[in-house]
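Dock chain Y against chain V, hints included.
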Amino acid sequence: KAGVTQTPRYLIKTRGQQVTLSCSPISGHRSVSWYQQTPGQGLQFLFEYFSETQRNKGNFPGRFSGRQFSNSRSEMNVSTLELGDSALYLCASSWGRDRGKDEQFFGPGTRLTVL
Amino acid sequence: AQSVTQLDSHVSVSEGTPVLLRCNYSSSYSPSLFWYVQHPNKGLQLLLKYTSAATLVKGINGFEAEFKKSETSFHLTKPSAHMSDAAEYFCVVTRGNAGGTSYGKLTFGQGTILTVHP
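Residue numbers (our numbering), protein chains in the order written: chain V, 387 to 501; chain Y, 18 to 135.
Extracted from the complex, chain V is given alone in its bound form (with noise of 0.2 Å):
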């Protein structure tokens, strides 16, 4: 079985730019959850996505955005890029529904390097 893939895996763009980012799930999983990954900061809950519905989201601007597509893959778009959006972006599947299933299975991350 296929783990989750990311696309692009590395990303360099300059201020005031903006960025999409792509998540393909684990086949069958109907969740898709974005997270933030920075020395500072850690580790930071974006969004998450379950059947092409924003399920959840966590503290950070307009300026990021996400969606997802009828077969779950979902992408993400950071608009206006600051220096501080330089990060290593995770992507995470799971199925989305009851306990015993929550886990999240991620994937290797786009790393986004603003200049």
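No lab work stands behind these hints, which were simulated from the structure alone. Just so it is clear, the structure is predicted and the values come from calculations on it, not from any experiment. Just so it is clear, CB atoms sit at the ideal spot from N, CA and C, and this is done for glycine as well. Careful: at least some of the hints might be erroneous.
[Unchecked claim] If we take Cβ atoms under 8 Å as the criterion, some of the chain Y residues that face chain V in the derived model are:
1) 45
2) 49
3) 59
4) 67
5) 107
6) 111
7) 123
8) 128
Chain Y only, in chain V's frame:
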């Protein structure tokens, strides 16, 4: 609301000696708890999970953790450390019951870096 505190930012052990990584949690609901490991420049791998069944949970690579509700702790242990265990470990809590606004949201501790000396 839920939160996680990992009591040690760094732990150093010798190969072949026991490992103890400490985690305390706070949750308004009956939680699900997890330990994840992250090797350098890699994604997160699930080590083990607690979801209200047995309080002693066994995971991969010889790791185990015990859920102690009275102490609100979920410490990770391994009897004998191996060089390949060197990595960063994260204790994670989520709301255990299905549904609710926090579903799908993992709350991470700050991480414990484990160093294993030969």
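Review point. Which numbered hints turn out to be false for this structure?
Key: Those not satisfied are hints 1 and 4.
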